[in-house]
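Participant: The lines below spell out each chain.
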Amino acid sequence: MVKKLVILKGITKTYYTGRIAYQVLRGIDLEVEEGEFLAIMGVSGSGKSTLLNIIGLLDKPDYGTYILDGQEVSKLSKKELAYIRNRKIGFVFQAFHLVPWATALENVLMPLLYRGNLKKEDEERALQFLTRLGLEKRINAKPSELSGGEQQRVAIARALITKPKLLLADEPTGNLDSKSSQEVMKIFKELNKNGLTIIMVTHDPEIAKFAQRIKIIKDGIFVEE
Amino acid sequence: MFIKYRLLWGGLFHKKLRLLLSVIGIIIGVSSLLLMNSFGESAKLKTLKEIETFGPEVIMVVAGSVRVHGGRAIQTEITTTLKPDDAEALRKVKGIKYLSPVFNGDAIVRYLGNNLTTIINGVNEEYILIRKFPLAEGRNFLKDEIFGYKKVAILGYKVKNQLFGNEDPMGKIILINKLPFRVIGVLAPIGIDASNADQDDQILIPWSVALSALYNVDYIRSIYLSVESLEEISFIEKQINEILLKRHKVSERNKDFQIIKAEDILEVKTQTTKLFSSLVKSISILCLLVGALGVTAIMTLSVNERKKEIGIRKALGAEDRDILLQFLMESIFITLLGGIIGVLVGVAGSLILLPLFNYPLVFPWSPILISSFLTIIFGIIAGIYPAYKATKIDPIILLRQGF
Ligand SMILES: Nc1ncnc2c1ncn2[C@@H]1O[C@H](COP(=O)(O)OP(=O)(O)OP(=O)(O)O)[C@@H](O)[C@H]1O
Ligand SMILES: [Mg+2]
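Protein chains in written order, with our numbering: chain A, 1 to 225; chain B, 1001 to 1403.
Hints are not guaranteed to be accurate.
Derived lysine-lysine pairs resembling PhoX-like cross-links, with alpha carbons at most 25 Å apart [as the list claims (entries may be wrong)]: (1) B:K1015 <-> A:K142; (2) B:K1004 <-> A:K88; (3) B:K1392 <-> A:K75; (4) B:K1004 <-> A:K137.
These are calculated hints, taken from the structure and not from any lab test.
Please put together the full structure from these sequences, using the hints given.
Facilitator: Rendered as structure tokens:
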């Protein structure tokens, strides 16, 4: 039997702006198996990023249960959540979110800083990742000196350096031209083939095609498969 | 390992001008604190040194009404009512160890071709014992020389050098206002005393000669005496006061003499020093506080600007503690860097400025310790708020549109 990496049941989330309550998620149920590549689609404001924040343990749901890799996580402390984020989850963002003053290599190594000691092997491994993603000549470049596609590849290397079980990507191609988008999706496809579980948010059907499964969210709830 | 520190500290060195500005604030604060403190230490030492030549067991009776101004006894008018007999009369007070009448005046002194003007102190053989002036060579006056109107002189160190150079002065005849005096001794170097008089620039002669032959007066300017035991000093002072009031037939209100102890001088001096140093200390601590506030402001600005970096670090697994420590360390680093440079500037400043203002040179150990300690404390205090703010940044902002 294939193991379920992510199990969400009845997840709700309400935001308050002033006294006005706005329910962004209204009972999300979702199961993602190990090795799956899932795309979540939906119009702007439908709650995709909110859901991804919850799956990525950056935010907490108001109600519902969330079991990640066999562990109930909704009652864990901030410290424990930080630990799981560091060990099990890799993030790729639409806006890349690289640290601006750090070089490509330093950005890739950043997650390992919070694992205790940085070793010489870690540096070599980071170089390997950057080489595999075609960035061997750009390791000492700052994000501002890199193209969008290059920045996103650095971000992917950073997500992979910790050997996560789950890769979360919020519109990873949203700021890229079509050529770079295709490259990034090929990388995702390749990673998924090697066993990495990926949950990707997009509203581009062309991009969603790379996934095995597509779920559509509308007004905070999944509508059809 | 180098890269680890790059990852932790890189953000601090990213904006060099800003780093420089915040460091400069601390440098100014620390160096002024240190400078002021070493001036304070040096001033204390200076007072102590001056007081040494005017021991706590010494009492001075000065003719006329006298103000003590900045540690200096100033005679406000010439009074002719204090006589040598008054000095003799005080000898009956029990507990007095040494006593000497003093008449001082200027004179032109001559030896062969050398001329100079100096202070002449007419005293008796007990005077150098009261003042604890050591003799470099020769001998003290004899009692017979005092009462026998003998023209003998003991030279201050500077006077001897100026008149004689390397020549041996003992037994030589010098002219004081054209009268011949025989040199019988030379004082060792003493320096400036509590009354700001250079004790190396004087000549001691018997008071009898000063009054009769040199200045032709029948009064003296002061009486110096020392007591056997410090405990009795107030009692002795009281008795002296009573005797002189009676002899001069004056009341306490319009008395024509003043009694001064080392304690009185010390009190005025330490009071001014204390006031000065506490004022200066609060100003320099204020400087440091302003510097620290500058660090807080700049670090808060930096935290605001680096929200994204902080969010990323948290998403990647940094705990609040990691973030708190990182930004606290950045503030401490800034203050420490400023502190170290400030200490260097302050020490250099002290070593240059102290001699310039005629203060004794002290290496400011305790000011260094105090300012270093305060800097670290202020660094931590300055860093707490921005570091705390940094921990409050929520990484969910990273997935929000337009961030
Ligand atoms: N912290 C917040 N406070 C208040 N409202 C919020 C907050 N975060 C999100 N929202 C609102 O919740 C709704 C869903 O936001 P979310 O970012 O999840 O949408 P999305 O599906 O990712 O949209 P997009 O495709 O534009 O990224 C939006 O209307 C947004 O304004
Ligand atoms: Mg979104």
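Participant: Are the hints correct? Go through all of them and say.
Facilitator: To see whether the hints hold, each was checked on the structure:
Taking the CA atoms of K1015 of chain B and K142 of chain A, the gap is about 15 Å. The hint holds against a cut of 25 Å. At roughly 22 Å between alpha-carbon atoms, K1004 of chain B and K88 of chain A fall within 25 Å of each other, so this suggested pair holds. Annotation: proposed proximity of K1392 of chain B to K75 of chain A holds, straight-line Cα distance about 20 Å (limit 25 Å). For a cut-off of 25 Å, the pair hint linking K1004 of chain B to K137 of chain A stands: about 22 Å separates their Cα positions.
Checked against the numbered hints above, the structure violates none of them.
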